[in-house]
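Trainee: Full structure from sequences and hints, please.
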Amino acid sequence: MPSGAWKYRSLEDNSTYNSDDGFSETTFTVPDREVWHILSVWAELTATANITTAREVRVLVQDAVPDIILEMAAGVAPDTNADFLFAPGVADLTALRDTDLVMTSLPAGLLLRPGWTFLVRAIADTSDTDGDSDVMVVQLTYGVENIMSTAGGTPQTSDN
227 MPSGAWKYRS LEDNSTYNSD DGFSETTFTV PDREVWHILS VWAELTATAN ITTAREVRVL
287 VQDAVPDIIL EMAAGVAPDT NADFLFAPGV ADLTALRDTD LVMTSLPAGL LLRPGWTFLV
347 RAIADTSDTD GDSDVMVVQL TYGVENIMST AGGTPQTSDN
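This note's numbering puts the first residue of the sequence shown at 227, with every later residue one more than the last.
Any given hint might turn out to be false.
[What the hints assert, rightly or not] So the derived label-pair ranges between C-beta atoms look like this:
1) T325 - K233: 17 to 25 Å
2) L327 - M374: 39 to 47 Å
3) R339 - S266: 26 to 34 Å
4) P257 - D318: 25 to 33 Å
5) N307 - P257: 28 to 36 Å
6) M374 - A280: 42 to 50 Å
7) E282 - M374: 38 to 46 Å
8) R323 - T367: 15 to 23 Å
9) A321 - R259: 39 to 47 Å
10) T320 - A290: 15 to 23 Å
Since the hints were made in silico from the structure, they are not lab data. Backbone N, C-alpha and C fix where the C-beta goes; we use that ideal spot for every residue, glycine too.
Mentor: If you want it as structure tokens, here you go:
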């Protein structure tokens with residue numbers, strides 16, 4: 227049962243990936259007894275000059291199984307440094323704005339249940355490099371509401 231009182235928070239993660247990995251993935255998991263309303267995701271990608279292929283940035287939502295239930299790719303895959311904004315109502319850009327900004331719209335009512343994960347993934351073909359790395363800083367802004375039950379756990383009295 228929701229409490230009706232939303233609180234607003236943000237989380238930040240710094241990820242580094244090298245030519246052996248080929249991708250960076252930041253994962254945020256909704257804890258038991260919470261529901262998240264995703265407001266925005268900001269990702270700053272600092273690209274290594276030696277990796278000259280495009281970086282594909284995507285956001286994914288997985289349920290507790292984990293099945294992918296939402297996947298959205300940015301409309302631009304730059305091969306240089308870029309900032310990515312995923313948020314409801316922003317323009318869905320297919321070209322860089324001011325040489326380094328990409329915006330992609332998210333669904334306005336994106337709610338995540340307990341145990342679900344929100345992922346930000348950057349993928350690059352790094353097979354022609356050796357030991358080079360990119361850095362992606364991700365900041366997630368969301369509303370959180372406490373609930374009484376847990377997903378996949380023992381039902382609480384309110385669930386009957």
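Trainee: Do the Cβ positions of R323 and T367 conform to the proposed distance bound of 15 to 23 Å?
Mentor: Since the Cβ atoms of R323 and T367 sit about 20 Å apart, the hinted range of 15 to 23 Å holds.
Trainee: I want to verify a distance hint. Is the separation of the beta carbons of N307 and P257 within 28 to 36 Å?
Mentor: 33 Å, holds
Trainee: Is 38 to 46 Å right for how far apart the beta carbons of E282 and M374 are?
Mentor: The hint (38 to 46 Å, Cβ to Cβ) holds, given that E282 and M374 are roughly 40 Å apart.
Trainee: Holds or violated: 39 to 47 Å for the Cβ distance of A321 and R259?
Mentor: 43 Å, holds
Trainee: Holds or violated: 15 to 23 Å for the Cβ distance of T320 and A290?
Mentor: The hint (15 to 23 Å, Cβ to Cβ) is violated, given that T320 and A290 are roughly 34 Å apart.
Trainee: Taking the Cβ atom of P257 and the Cβ atom of D318, is their distance within the range 25 to 33 Å?
Mentor: 31 Å, holds
Trainee: If you check the beta carbons of M374 and A280, does the distance land in 42 to 50 Å?
Mentor: 46 Å, holds
Trainee: Is it true that the C-beta distance of R339 to S266 lies inside 26 to 34 Å, as the hint says?
Mentor: 20 Å, violated
Trainee: Return holds or violated for the Cβ distance of L327 and M374 against the range 39 to 47 Å.
Mentor: 41 Å Cβ-Cβ, so the 39 to 47 Å window holds.
Trainee: In this structure, is the beta-carbon distance linking T325 and K233 contained in 17 to 25 Å?
Mentor: With a Cβ separation near 36 Å, T325 and K233 fall outside 17 to 25 Å, so the hint is violated.
Hint compliance for this structure: hints 1, 3 and 10 are not met, and every other hint is.
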